[in-house]
Amino acid sequence: MKELIRCKLNGVQQEFEAAPNETLVQVLRERFHLLGVRESCGVGVCGACTVLVDGLPASSCLMLAAFADGCSIQTVEGLPQQGELHPLQTEFWHKGGTQCGYCTPGFILSAKAMLQEMPEATDEQMLEWLSGNICRCTGYTRILEAVEAARAELKRTGYVGA
Amino acid sequence: MSSLIRKFELLHPDSVEQACGWLAENDECRPIAGGTALAILLKQGLFRPEALVSLRDIPGLNYLEHKAGKGLRIGAMFSQHGLEISDLLKAHYPILASAASKVGNIRVRCQSTIGGTLCEADHQADVPPVLVALDATLSAASRNGIRQIAVAEFYRGHYETALEPGEILIEVQVPELATGTVGTYLKHVTGPITDRPCVGVAVLLRADEGGRIAAARIVVGGVSYQPWRVAAAEAALLGEPPSASLFEKAAAIAYEQADPLSDLRGSAWYKREMVNVFVRRALEEAAEQLTGVQS
Chain A
1 MKELIRCKLN GVQQEFEAAP NETLVQVLRE RFHLLGVRES CGVGVCGACT
51 VLVDGLPASS CLMLAAFADG CSIQTVEGLP QQGELHPLQT EFWHKGGTQC
101 GYCTPGFILS AKAMLQEMPE ATDEQMLEWL SGNICRCTGY TRILEAVEAA
151 RAELKRTGYV GA
Chain B
1 MSSLIRKFEL LHPDSVEQAC GWLAENDECR PIAGGTALAI LLKQGLFRPE
51 ALVSLRDIPG LNYLEHKAGK GLRIGAMFSQ HGLEISDLLK AHYPILASAA
101 SKVGNIRVRC QSTIGGTLCE ADHQADVPPV LVALDATLSA ASRNGIRQIA
151 VAEFYRGHYE TALEPGEILI EVQVPELATG TVGTYLKHVT GPITDRPCVG
201 VAVLLRADEG GRIAAARIVV GGVSYQPWRV AAAEAALLGE PPSASLFEKA
251 AAIAYEQADP LSDLRGSAWY KREMVNVFVR RALEEAAEQL TGVQS
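Protein sequence lines correspond, in order, to chains A and B.
Those letters in the first sequence? Residues 1 to 162, per the working numbering, in order.
Those letters in the second sequence? Residues 1 to 295, per the working numbering, in order.
The shape of chain B in the complex, shown without the other chains:
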């Protein structure tokens, strides 16, 4: 039955400045957005804050905007369900809508936020690896102003981000995708479909007029505390025409370099095997879309 959560104070800032101020003054005080991940930790007694700063009443953090040539701006409080159903994302960044649609179940997608899933810094998450593949950047606000952090540099360790005390994430930016970019996100689960990923692979590909791969991104989630960009596998693709053997080669490089952690959803050796399988499959799936583009 319901475990009792330890008492804490719930604060309701009406601005980012006020929120940052309270957080900076007391490091036993943490932010809460959707609250799904934190509620579990609170109920288990793993998280015992003196106070929580609710980000829900702060105006201007919940939006999704796209400017042609400039890219996406997503407010940190935008829900993962919002990402899932966005026609804008389906048209311009389908890989992001797709990854968001695979997160947990419909309830957690409705309750949780893009800022929350980033700041939770759980290595078994679907959206962060895709944001790394998309070269996304983040805006973090504090009493001193706003600074930019590349998503690829956002993770410092398990459940640990680059946010400083007194900082909150306020926006995610995704650059414009070069014309002809295709991609896919594959989520491999060892539990039910609603489970967190054991291994997730995000792939982006773009071909030149000759049909050779001109750009590639391969990012693996679930194997390290942070999304793992497999630069060597990407490099092996460049200048080559897409083919099954090329993708096997790239997947083999990922397999070679993978040094996964073990967790409840897979042992290190199993995850390594799955890296091989799913990097190859993701490349094949993405490349099928290339054929469509080329013709």
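If we strip away everything but chain A, and leave its shape as in the complex, we get:
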């Protein structure tokens, strides 16, 4: 029996059906073509499948699509506002926090949630929060610099985004 799912997806109210055995990452990619969400390890360890559910990070590879019902889901595609990139996106680009780009959406969403919950996160807190996202390219230093730069930019501009 199909599940009827009503949720907000990147700010837009959606209504769709999914089988109980479908995961959220499958539905987001296959149904909505949101290719910034990737299934990599498949066991919730690498963070490539990160989405924000009601503002908090979740492994969409471990989330039944049905569990999105009633929630607000955000993927990286939902970050730009009126065609303008979110400061996190800009800084990952400018600071070289992205190379192949595969892990980047996951990192950006995780960082977004972190800055929301802990705007004054210390270096240690930032490392702990982001320790759930794996990058094979950058060596992480520029990722952290990007997040710091984005934090400064968000503060400076009083950015009120998605």
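Hints listed in this document are in silico derivations from the structure and should not be mistaken for laboratory results.
Using N, Cα and C, we set each Cβ at its ideal position, and we do this for glycine too.
A hint or two may mislead.
[Stated by the list, open to error] Straight line, CA to CA, 35 Å or less: simulated DSBU-like cross-link-like pairs of lysine-lysine:
(1) B/K102 / B/K90
(2) B/K7 / A/K95
(3) B/K90 / A/K155
(4) B/K43 / B/K249
(5) B/K102 / B/K70
(6) B/K67 / B/K90
(7) A/K8 / B/K90
(8) B/K70 / A/K2
(9) B/K7 / A/K2
(10) A/K155 / B/K102
[As the list claims (entries may be wrong)] Covered by chain B, according to a simulated footprint, are these stretches of chain A (three or more residues, beta-carbon under 8 Å):
(11) 17-30
(12) 36-45
(13) 49-61
(14) 136-150
Knowing the structure of chain A, use the given hints to seat chain B on it.
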């Protein structure tokens, strides 16, 4: 890539009674809460239920309350991230907030629940040993009512709990901590920091006015199918003033009595060595807080 999960029916009870009823009627039907652990088993084909009963729509299972003199009541659906960031826990039960903060990564903490981590009954978990140290009790609901189970008696074997068919966990209770109780939870990993623990040690200590240890709890996780309370090591501490040699002695007792299993994160001999190291370190760390209290 994404492994296909076998088809199953997803049921949405709107009450505990309805959930328990469905579970009692069909033992190929199991509950699902956060779903992170189950999703892995489903994807690997190790878990093939006919139906899953979602606990997510049942109201009244997601809360954290504290009553002075009575202790904590935590709804089974309360998330581990909720435990991690709770100011209430940081003030009154910091060891629980600390253990919750060390679970996996931020995503699994946000998605998973305290009830789920208990019922998953994986021996490599951070929160259950702390709940044993805190003398927590659990409420299990069924069609026949609610019964209480001590966390220390909750585990029957690997991935096996004392829950009967048709029962679901609905609440965790933690008694009030005696004034002056300090504690720490240490998680030793052999993989990345986000890994499950190889060995975890929860310690609670309380000293009397003379500075001698009046109460102690030492609970080790990761070495047995259930959290292991090292009663003999606790007993060795009582009535003694805290000291490095006392903690070495207690750790040596734990080492003596440890009979760990081997798993992917450590062999039996390695875990035994780590029991010695981390029981001692946890006692030392906890005792440092005692000094603060005493002064």
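Comparing the hints with the structure gives:
For the given pair, B/K102 sits about 14 Å from B/K90 by alpha-carbon distance, which is consistent with the 35 Å threshold. Annotation: proposed proximity of B/K7 to A/K95 is violated, straight-line Cα distance about 45 Å (limit 35 Å). Taking the CA atoms of B/K90 and A/K155, the gap is about 28 Å. The hint holds against a cut of 35 Å. The suggested pairing of B/K43 with B/K249 is violated, with an alpha-carbon distance near 46 Å, which exceeds 35 Å.
In summary, the hint linking B/K102 to B/K70 is supported, as the alpha carbons are separated by about 27 Å, within the 35 Å threshold. Of the pairs offered as hints, the one joining B/K67 and B/K90 holds, with about 15 Å between alpha carbons and a cut-off of 35 Å not exceeded. Straight-line distance between C-alpha atoms of A/K8 and B/K90 comes to about 33 Å, which keeps the hinted pair within the 35 Å bound. In summary, the hint linking B/K70 to A/K2 is not supported, as the alpha carbons are separated by about 45 Å, beyond the 35 Å threshold.
Of the supplied pair hints, the one linking B/K7 and A/K2 holds, its CA atoms being roughly 11 Å apart against a limit of 35 Å. Taken as a hint, the A/K155 and B/K102 pair is honoured in the structure, with Cα atoms around 29 Å apart against an allowance of 35 Å. With a threshold of 8 Å between beta carbons, the proposed coverage of the region 17-30 of chain A by chain B holds, since 7 of its residues qualify and at least three are required. A count of 5 residues in the region 36-45 of chain A with a Cβ less than 8 Å from any Cβ of chain B is obtained; the coverage claim is therefore met, three being the minimum.
Look at the region 49-61 of chain A against chain B: 7 of its residues bring a Cβ nearer than 8 Å to a Cβ of that chain, three or more, so the hint holds. For the region 136-150 of chain A, the proposed coverage by chain B is not satisfied: 0 residues have a C-beta within less than 8 Å of a C-beta in that chain, short of the threshold of three.
The structure does not agree with the numbered hints 2, 4, 8, 14 stated previously, though it agrees with the rest.
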